[in-house]
Amino acid sequence: MVRSKLQLVRRISQIFFLLVFLALLVFTSLRPTPGATSDIHMRAPVRLFFEWDPLVAVANVLAGHALYRGLLWSLLILVPTLFLGRFFCGWICPMGTLQHWVGSLPSESKRGKQRIESNRYKRWQTLKYVVLIAGLVAACFGSMALGWLDPFSLLVRSIGLALLPAFNVAVRSVLTPLEHSHIALIKATGETLHTVLQALVLDFRQTHFAQGIALGILFLFILAASLRITRLWCRSICPLGALLGAVSRFSIFGLHKDAASCDKCNRCLLNCQGGDEPIGGVPWRKSECLMCMNCVGSCPHSSLQFKFFRNEHEVATPDIGRRKAITGLAAGAAVVPLMRANTGMGKSREATLLRPPGALDEPDFLSRCIRCGECMKVCPNNSLHPTLAEAGIQGLWTPTLVPRIGYCEPSCVLCSEVCPTGAIWQITPKEKGWVVGVSAQSHPIRLGTAFYDRGRCLPWAEATECIVCEEWCPVSPKAIYIEEAQVIDSSGKTKTLKQPRVDPSRCVGCGACEYACPLQERPAVYVTSIGESRSPSAQILLNK
Amino acid sequence: MAGEPANPSNPLTRREAMLQLLRLGGIAASAAGAGYWLSGRSVRPVPAPAEQARRDHRIADDDQWPKLTVVQNGEPRTLVRKALENLGGMSRFVGRQDVVVIKPNIAWDRTPEQAANTNPEAVAEVVRQCWQAGAKRVIVTDVSCNEPRRCFMRSGIQAAARTAGAEVVLPNPELFREVELGGVVLKTWPVFTPFLEADKIINMPIAKHHELTGATLGMKNWYGILGGERNRLHQQIHQSLVDLASFMLPTVTILDAYRILVRNGPTGGNLEDVAQKKTVLAGTDPVALDAWAAKAWWNLDPEHMPYLQMAASHGLGTTDFDTLPVRVTQLS
Chain A
73 MVRSKLQLVR RISQIFFLLV FLALLVFTSL RPTPGATSDI HMRAPVRLFF EWDPLVAVAN
133 VLAGHALYRG LLWSLLILVP TLFLGRFFCG WICPMGTLQH WVGSLPSESK RGKQRIESNR
193 YKRWQTLKYV VLIAGLVAAC FGSMALGWLD PFSLLVRSIG LALLPAFNVA VRSVLTPLEH
253 SHIALIKATG ETLHTVLQAL VLDFRQTHFA QGIALGILFL FILAASLRIT RLWCRSICPL
313 GALLGAVSRF SIFGLHKDAA SCDKCNRCLL NCQGGDEPIG GVPWRKSECL MCMNCVGSCP
373 HSSLQFKFFR NEHEVATPDI GRRKAITGLA AGAAVVPLMR ANTGMGKSRE ATLLRPPGAL
433 DEPDFLSRCI RCGECMKVCP NNSLHPTLAE AGIQGLWTPT LVPRIGYCEP SCVLCSEVCP
493 TGAIWQITPK EKGWVVGVSA QSHPIRLGTA FYDRGRCLPW AEATECIVCE EWCPVSPKAI
553 YIEEAQVIDS SGKTKTLKQP RVDPSRCVGC GACEYACPLQ ERPAVYVTSI GESRSPSAQI
613 LLNK
Chain B
2 MAGEPANPSN PLTRREAMLQ LLRLGGIAAS AAGAGYWLSG RSVRPVPAPA EQARRDHRIA
62 DDDQWPKLTV VQNGEPRTLV RKALENLGGM SRFVGRQDVV VIKPNIAWDR TPEQAANTNP
122 EAVAEVVRQC WQAGAKRVIV TDVSCNEPRR CFMRSGIQAA ARTAGAEVVL PNPELFREVE
182 LGGVVLKTWP VFTPFLEADK IINMPIAKHH ELTGATLGMK NWYGILGGER NRLHQQIHQS
242 LVDLASFMLP TVTILDAYRI LVRNGPTGGN LEDVAQKKTV LAGTDPVALD AWAAKAWWNL
302 DPEHMPYLQM AASHGLGTTD FDTLPVRVTQ LS
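Those protein sequences? They're chains A and B, same order as listed. Numbering-wise, my numbering comes out as the position in the first sequence, counting from 1, plus 72. Numbering-wise, my numbering comes out as the position in the second sequence, counting from 1, plus 1.
Since the hints were made in silico from the structure, they are not lab data. Incorrect hints may appear among the rest.
Calculated lysine to any residue pairs in the SDA-like style (CA-CA distance at most 25 Å, straight line) [what the hints assert, rightly or not]:
hint, chain 1, residue 1, chain 2, residue 2
1, A, 570, B, 210
2, B, 279, A, 185
3, A, 194, A, 282
4, A, 567, B, 279
5, A, 565, B, 310
6, A, 259, B, 307
7, B, 296, A, 374
8, B, 188, A, 592
9, A, 185, A, 374
10, B, 137, A, 267
Ranges between beta-carbon positions, derived for each pair [to be verified]:
hint, chain 1, residue 1, chain 2, residue 2, range
11, A, 592, B, 200, 32 to 40 Å
12, B, 53, A, 260, 22 to 30 Å
13, B, 181, A, 565, 55 to 63 Å
14, A, 260, B, 92, 54 to 62 Å
15, A, 99, B, 198, 45 to 53 Å
16, B, 164, A, 264, 46 to 54 Å
17, A, 91, B, 276, 22 to 30 Å
18, A, 87, B, 174, 54 to 62 Å
19, A, 243, B, 332, 48 to 56 Å
20, A, 565, B, 48, 31 to 39 Å
21, B, 40, A, 258, 44 to 52 Å
22, B, 273, A, 609, 43 to 51 Å
Just so it is clear, CB atoms sit at the ideal spot from N, CA and C, and this is done for glycine as well.
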């Protein structure tokens, strides 16, 4: 029900920004660029929403003592919020829009009186400020754990790594039988649909992500919670909403209540998104209001109006209190040292934790990575996956390369181009190696080093010719070199075979050998992180 | 009936009772029918028999024209043009209304200067010649090793072939068909569909070094028609090459040796690995073509290349240059 012009404008704005967001997410992939030849770059501004995100910017400043390229744009949101309040949450944020939509679906548990009660201000709404304080304190300690809860990180991670791949599976399982139909008309329809969907949303090939199901269910659960309590996530958890709520305390724009004409009919509470007490008789809560304007349209007496320079009683600051603030401070201060007291960083790194090319050394990486999954979404080989325990608890959902699924393409730099925070610093194909202009003397970025499992490798263990790994090795001169050896096969015959070895001074750890190895489930050549160029200490060779 | 409150004093009419029985009977009968039909379909799953088809796209020999020609000292376009002219022109190979599939090597994420993929200008020239010969469709495709989008873009072949008017088809995992290759070691393999539906096939490899076979030339290019786990082919590479070459018999082979990868093949990457030979080989004898190139740039005799000997004894061509006139042309 749109009862006022402002609501209509708001709705258009929400749909517009949601579509922009989804379009940018879909375009976070390698797309055929007409005329592109030697260099492939990300042309679409796919980091846009992260650049607008003041939470990422503030945390980036606290954790990295610097502001990564583009994050200054977040002032575009922060400065207007100073004046106007949390308009961003109600008008722009795609996570808010999705919840707004789900929350307005008919629901058994939100009818009449229950619905009015659920939209009254609740003390638990202050939880988000505790989350924010804890997150910012954690950032001061060098952990970007806030990224777990940042709304854009949540969206890209959940939609990009779980829902879109699932959508792909669903669409393909319908289209493929159509395309293989013997009836020409059905076949043509299937093929046309495929071409159209391919150009719009489908991935070039089906992607799969570690933990996809967990990320997807978590997200759907958050959305479904809105069926019970409108915008539960925005009201009680979202740290970006908390930041904007805190910032809006001095805003000069707000809800004007004409107390005299209010007869407490509660209609304004029916569609209130923020739980900010628009009803007469109680003070309006500025930090909770999402500026959705629903109350204005629903008031039968036109007692509610958004106005500049009001002079009336209101609750401007978050109702958090000293105790909760201290709880947040303490939680943030305790959690990072506790996580770091665990093994994981430094001493006992997981051998299989391979960071994308351009990634900073682990402590710097963790102080920047917001676990948004942009790098994983864009990787054309589906090689990057969210970690579970490989990077320790503090590194949950940070990217790791899984060469068995996909290796790192020798001159691809897309992940470094989409990273919004510089956890993967932007690099050029030249830094990665083996484009024109790079010579054997250059020092390309290394992700790790390959090793042979001689008990499984065909020429080493089974008297069988192979060396596909050598063929695929993209390094020049090849990091895999060959030694001819005399072996005896099961019939007792002597055979000359080529046995592969790795030169660690040349290996870049791209994982092409591991990917190409015919022993798929446990490759006979595999990459571990030792020798990765980002770490000064995790090295094998003295002279590197 | 529906919606009205049940009234025990008002029993069902005969008509209503009949309708209820009819409804029930219909459901029971269709369930039984469906069950019977499905139980008849319940057989142990056997993979559908793969299609058996040797792909022989050769044209008849003509003594008027040589079976192998070498053109040197030119630019890719002029080299290709002259080589085809020496063989009697493209119209000898491509007829009106033919669907032509050109199979360059687009295996690696490399640029033309790195000489890991076929020269894009050479591919474009072949596309143009096909159109001039009256082809109905000209398709350029390959099943890449590296990420196909990157390979097709960075090799320059996608742009060059499209500019020349060809359809550029990227390897789509859903467009493979199981085919009985009928080889000694290669039995049933998935083959990329465009290669199965062509009237004429032009093989357009590039000459590169290879650790296992010494050099990767024309016959090795057929790896790129296969899908599946082709990393197993190395285990018996020579037999695999002969099996593939006996399955896929091209109309003509045009070997790009404008730049060749003299070492560190087949991926290269370093310009120091590249030598400019400014040469194009073309011919209808795939064995002789590989033998000539291997000898010329890697000094490999057929004795050192088991697959060539096997292919020759299999009747796929000859390595005996005494019986095979080679027409060599020097441009400029």
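Here is how each hint holds up against the structure:
1. 570/A - 210/B: Status holds; Cα separation ~16 Å.
2. 279/B - 185/A: 84 Å, violated
3. 194/A - 282/A: Given that 25 Å is the threshold and the Cα spacing comes to 37 Å, the pair is violated.
4. 567/A - 279/B: 39 Å, violated
5. 565/A - 310/B: 23 Å, holds
6. 259/A - 307/B: Status violated; Cα separation ~45 Å.
7. 296/B - 374/A: Status violated; Cα separation ~93 Å.
8. 188/B - 592/A: Holds: residue 188/B and residue 592/A sit about 21 Å apart, inside 25 Å.
9. 185/A - 374/A: Judged against 25 Å, a Cα distance of about 22 Å means the pair holds.
10. 137/B - 267/A: Distance of about 22 Å is within 25 Å: holds.
11. 592/A - 200/B: 32 to 40 Å: The hinted range 32 to 40 Å holds for residue 592/A and residue 200/B, with Cβ atoms some 37 Å apart.
12. 53/B - 260/A: 22 to 30 Å: 28 Å, holds
13. 181/B - 565/A: 55 to 63 Å: 31 Å Cβ-Cβ, so the 55 to 63 Å window is violated.
14. 260/A - 92/B: 54 to 62 Å: 33 Å, violated
15. 99/A - 198/B: 45 to 53 Å: Roughly 33 Å apart at Cβ, these two residues miss the hinted range, so it is violated.
16. 164/B - 264/A: 46 to 54 Å: With a Cβ separation near 25 Å, residue 164/B and residue 264/A fall outside 46 to 54 Å, so the hint is violated.
17. 91/A - 276/B: 22 to 30 Å: 53 Å, violated
18. 87/A - 174/B: 54 to 62 Å: Roughly 35 Å apart at Cβ, these two residues miss the hinted range, so it is violated.
19. 243/A - 332/B: 48 to 56 Å: Since residue 243/A and residue 332/B have Cβ atoms about 52 Å apart, the given range 48 to 56 Å holds.
20. 565/A - 48/B: 31 to 39 Å: 35 Å, holds
21. 40/B - 258/A: 44 to 52 Å: 28 Å, violated
22. 273/B - 609/A: 43 to 51 Å: 33 Å, violated
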